[in-house]
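Dock chains P, U and E against chain L, hints included.
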Amino acid sequence: MALLVDAPKRKSKVIPLEQLREWVPSGSTVGIGGVHSQNAPMAAVREVIRAGTTGLTIIPTPSAGIAVDMLVGAGAVSTLHVSYVGLEFLGMAPNFKRAAEEGTIDIIEGDEAWIVYGMRAGAGDLPFMPMPPMYEGTDLPSVNPLLKRTLDPHTGREVYTIPPLKPDVCLIHAQVCDIYGNTVIRGLRRFEHVMAKASATVVVTAERVVDGPLGEDPRVVNIASPQVDAVIEVPYGAHPTASPGDYLLDEDHLRLYAERSRAGDFDGYRAEFIDKPQDHIAYLEAIGLRRLLELRHR
Amino acid sequence: MALLVDAPKRKSKVIPLEQLREWVPSGSTVGIGGVHSQNAPMAAVREVIRAGTTGLTIIPTPSAGIAVDMLVGAGAVSTLHVSYVGLEFLGMAPNFKRAAEEGTIDIIEGDEAWIVYGMRAGAGDLPFMPMPPMYEGTDLPSVNPLLKRTLDPHTGREVYTIPPLKPDVCLIHAQVCDIYGNTVIRGLRRFEHVMAKASATVVVTAERVVDGPLGEDPRVVNIASPQVDAVIEVPYGAHPTASPGDYLLDEDHLRLYAERSRAGDFDGYRAEFIDKPQDHIAYLEAIGLRRLLELRHR
Amino acid sequence: MTATEQADVSYAEMMAIVLARSFVDGEFGAIGAASQIPYAALRLATLTRAPNICWLSGGSGGINPVVGELPASSSDYRNALTAEAIYSLEDVVDWETSSRLDFACLGGMQIDQYGNTNMARLTTPDGRFVRGPGTVGLVFMSTFKKVYLYTERHTTRTLVAKVDFISGAGHLSGGDSRFERLMRRATGPVLLVTPMAVFDFPPPERRARLVSVHPGHTVDEVLANMSFVPRMDGDVPVTPPPTDTELAVLREVVDPRGVLRRPR
Amino acid sequence: MTATEQADVSYAEMMAIVLARSFVDGEFGAIGAASQIPYAALRLATLTRAPNICWLSGGSGGINPVVGELPASSSDYRNALTAEAIYSLEDVVDWETSSRLDFACLGGMQIDQYGNTNMARLTTPDGRFVRGPGTVGLVFMSTFKKVYLYTERHTTRTLVAKVDFISGAGHLSGGDSRFERLMRRATGPVLLVTPMAVFDFPPPERRARLVSVHPGHTVDEVLANMSFVPRMDGDVPVTPPPTDTELAVLREVVDPRGVLRRPR
Chain L
1 MALLVDAPKR KSKVIPLEQL REWVPSGSTV GIGGVHSQNA PMAAVREVIR
51 AGTTGLTIIP TPSAGIAVDM LVGAGAVSTL HVSYVGLEFL GMAPNFKRAA
101 EEGTIDIIEG DEAWIVYGMR AGAGDLPFMP MPPMYEGTDL PSVNPLLKRT
151 LDPHTGREVY TIPPLKPDVC LIHAQVCDIY GNTVIRGLRR FEHVMAKASA
201 TVVVTAERVV DGPLGEDPRV VNIASPQVDA VIEVPYGAHP TASPGDYLLD
251 EDHLRLYAER SRAGDFDGYR AEFIDKPQDH IAYLEAIGLR RLLELRHR
Chain P
1 MALLVDAPKR KSKVIPLEQL REWVPSGSTV GIGGVHSQNA PMAAVREVIR
51 AGTTGLTIIP TPSAGIAVDM LVGAGAVSTL HVSYVGLEFL GMAPNFKRAA
101 EEGTIDIIEG DEAWIVYGMR AGAGDLPFMP MPPMYEGTDL PSVNPLLKRT
151 LDPHTGREVY TIPPLKPDVC LIHAQVCDIY GNTVIRGLRR FEHVMAKASA
201 TVVVTAERVV DGPLGEDPRV VNIASPQVDA VIEVPYGAHP TASPGDYLLD
251 EDHLRLYAER SRAGDFDGYR AEFIDKPQDH IAYLEAIGLR RLLELRHR
Chain U
1 MTATEQADVS YAEMMAIVLA RSFVDGEFGA IGAASQIPYA ALRLATLTRA
51 PNICWLSGGS GGINPVVGEL PASSSDYRNA LTAEAIYSLE DVVDWETSSR
101 LDFACLGGMQ IDQYGNTNMA RLTTPDGRFV RGPGTVGLVF MSTFKKVYLY
151 TERHTTRTLV AKVDFISGAG HLSGGDSRFE RLMRRATGPV LLVTPMAVFD
201 FPPPERRARL VSVHPGHTVD EVLANMSFVP RMDGDVPVTP PPTDTELAVL
251 REVVDPRGVL RRPR
Chain E
1 MTATEQADVS YAEMMAIVLA RSFVDGEFGA IGAASQIPYA ALRLATLTRA
51 PNICWLSGGS GGINPVVGEL PASSSDYRNA LTAEAIYSLE DVVDWETSSR
101 LDFACLGGMQ IDQYGNTNMA RLTTPDGRFV RGPGTVGLVF MSTFKKVYLY
151 TERHTTRTLV AKVDFISGAG HLSGGDSRFE RLMRRATGPV LLVTPMAVFD
201 FPPPERRARL VSVHPGHTVD EVLANMSFVP RMDGDVPVTP PPTDTELAVL
251 REVVDPRGVL RRPR
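Chains as they are written, first to last, in the working numbering: chain L, 1 to 298; chain P, 1 to 298; chain U, 1 to 264; chain E, 1 to 264.
This is chain L alone, in the form it adopts within the complex (with noise of 0.2 Å):
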């Protein structure tokens, strides 16, 4: 329309990889997406560990993988809330083992609940969040202090409470989003939103960035733009975890990573495949085409 050629054009909230490291400063408190080996943020968690940051804490989803592993082995982590980090069907999560054992990391010992609920409560900035009668049958309280009690107004009963739980920032992998930020995450029950919520800053990762329409029904907008401070396009993003609808797990090279790591070689993984390759076209690289494609949706 002729009335508004001058007028301003909205931005795009798009960056490079490289830009991630501003986001992630050292210690601070990074939520991190995806649900076993499913959309991890494995491209942002490679340039987190290039360069070389340290001191964070760390709250993942409460099925956690690869992502919190590598960046426990990398020595990215001092803080680590857990409700579930593993490698599902491929075993324990090896450094993730190791540095709990070693005690080299602090543990929030958690579980689902908290997590969620914690999230939940960061969402809408609530003071905390009481829970019905639970934790009274686990352990959980006696190693996690954060779990405080409070009275029941209704009832005069003390109940458990989860802290809000309130990253700095979030970072999330998606199948697709625009330019603005306009978020979709295929292949998993929802929850990304929550955290996003409940964090102050959001970068997505996606594996297609698209200027113009989304051209998905607005239903199925996990994340919307709002919610979304930066966006980086990165095929491939979330290998060796999937990508819903783009590419199945690595499951090979999911082995091999805990293969070499639980052989106390997590430096030599380190080396070949995120110091060595210095972008993430270099580690695709490295993987291969051919692998690549061979992951593809058969």
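You may find that some hints are simply not true.
Said to hold, decoys possible - Okay, the calculated bits of chain L under chain E, using three or more residues with CB under 8 Å as the criterion: (1) 23-30; (2) 35-44; (3) 79-86; (4) 92-102; (5) 136-145; (6) 241-247.
Everything labelled a hint here was simulated from the structure, so no lab data went into it. These numbers come from a predicted model, not from an experiment. For every residue, glycine included, the Cβ atom is placed at its ideal position computed from N, Cα and C.
Leaving out everything else, chains P, U and E in the frame of chain L:
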């Protein structure tokens, strides 16, 4: 598969509208879906009135309209949780206004947070929901004694809390559902799934009930089958409110309702449109096919 | 703009234009239900000067809808169909309590000199109890970072010295009284727009100040139709009339059916 | 079934069949992440005898998925693609804390004689601290209406007298001790299925009772491989072997690739 021909089959949850009265006995606490004049479960409301139901406690969505007003007009309501009850751009809800001013119903003076966080607590059966500083600036606590305070165990500060809201039954109108209760609601911000979780039982009225695949992306199913207890097929079941994608709100009829109610003739309206038409089809005949077809989206 | 065109500007158009000028680019806001004026203002602002505003269209669940006309209700299905994304009601309430929403456009059946609002209940001068529709989202005036108040009724009944019931917290009894009870990040009402005038709430008193009077109205008329005397700093200017661009975009793009020009 | 076919039944198939028989039609349940055995059990049960069960396939968000084979992970995308509906993580947790979920199939790196489970941390007999993956959903053993426990490791390390750390509340110290702390509607573990045997937790003690031993195993073998002596009421019967239908549906429909028959 020959192997499975004798296997028992999954049960349908379809019931006739006339059976609704068994699900909504006098004295029960009833959640009601819909936003303003969209997706109100009007056929269900008329059936509840026809059954002579009384003494209901109503907890509607935060933006309630004619469904609640009609139940109040018919004398079915003893207690009403108020966030907003009105006819939006058509003015005040006349029967609600009169009953509140004459003191013939008990009002629980709420607001959007009361309903949403109350249902959220109900959904997880949490003992209560603590709020950030908010009610401290309002007069709501002076008229709503259920806004009780407790201690934030992290700061020692007193905080207001919202109690869990837990309807006995929730009435929800939808565009389409399957015979097991998988339900798709169009045109609204999602909240009915939270109400459903908070409610002991859920009855869905739908424009279409399909015996077979919904044919929808499972991501847009608002309420999943385990959450739904009964399903009723009622074409034009939201009339005179809108069923998004099916028909618009009937502004003329809403005005007629409002004017007759304001003029003190709700009983005349009720006789003509609720009691005289002995079932839903007879109601639609009273509205007239010509009018119903005019309301289809153009 | 000619005098004729100027005279032709409806109060609803004028209010939408005043609001559109006030919004800050890049902010995240919300409007209520029957909200044609702020709806039009947001469309006008995002089209002309503040393209990075994101806003929530009430009950529809739609963010940044682009309906080709002005719907009677922000719950209109077309807002959902043309939205960038659909939010849930839990999303809205989370954004509200956490003060993620930079602003909201809100009204009330009573608005007082400190910007407190009432939608719940009042007693008329002759002692009659009047039930309002309810507090709904006004409770979040405690948590929105700022609030644009507006009313289509510039009357002594609506603009009162003190609301009978505080549904939405304005500046309470003025000064810093609000911040003794609520968080500083939620700064309260910043503007009040009526069919006749614009007010703000400057510190330290945070009491309504008459900022400007719309073209065609006088200060005396403004004052005669309200129940308190606002602060006035010297001569009160005229609200700058609509620019050609504002009026053209409003009438050609935002409200081509002229809904805001009809008798209301 | 012939002796050959019988011998051919893997322990994972046997466990899936035992679980499938145990489920109650019409109930609403959940499984965890790497859960091929309960996943297969639920598919088998809904296909053959309990078509009104609804179940949540872990991280995929899918309800009642119908993937044509047995995925390695319940988070597998095909579970979402073939589901009736996608739930959110908040939905699951709400259903968990509110005891809407009638049952869950859960395990642990330690399971004790009262059905308490541990996935968080333990100390080996030689004093070494061992980190587990974490408590995750085991915390909801406090609120699931009932719990089917299972483990693929029938060993003295897994089946212990007392867990080192209670991640998931079983019957605590037995008797009514659970109900002194938790709600009665959540009744705790009802079954424990291992590669060798089936246990239940009958009142009043609510201590594990050896119900049956799978074909091919003996009571002595069962007892030699666990760190506590379960209750035994007289002669312990053999777990009824798979019926032809069970085995056919499991192998032809649920697990056509024979995942449950591979070495694990």
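*asked:* When I compare C-beta atoms, does the region 23-30 of chain L have three or more residues closer than 8 Å to chain E?
replied: violated (count 0)
_Please check whether the region 92-102 of chain L has three or more residues whose CB lies within less than 8 Å of a CB on chain E._
Our answer is that it holds, as 6 residues pass the Cβ test (under 8 Å) against chain E, meeting three.
*Against chain E, does the region 35-44 of chain L show at least 3 residues with beta-carbon separation below 8 Å?*
holds (count 4)
*Examine the region 241-247 of chain L for residues whose CB is less than 8 Å from any CB of chain E, and state whether their number is three or more.*
With 3 residues close enough to chain E, the hint holds.
*If you look at each residue in the region 136-145 of chain L, do at least three have a Cβ nearer than 8 Å to any Cβ of chain E?*
Answer holds; 6 residues pass the 8 Å Cβ test.
_For the region 79-86 of chain L, count the residues whose Cβ lies under 8 Å from any Cβ of chain E; is that count three or more?_
holds (count 5)
Against the hints set out earlier in the document, a violation occurs for number 1 only.
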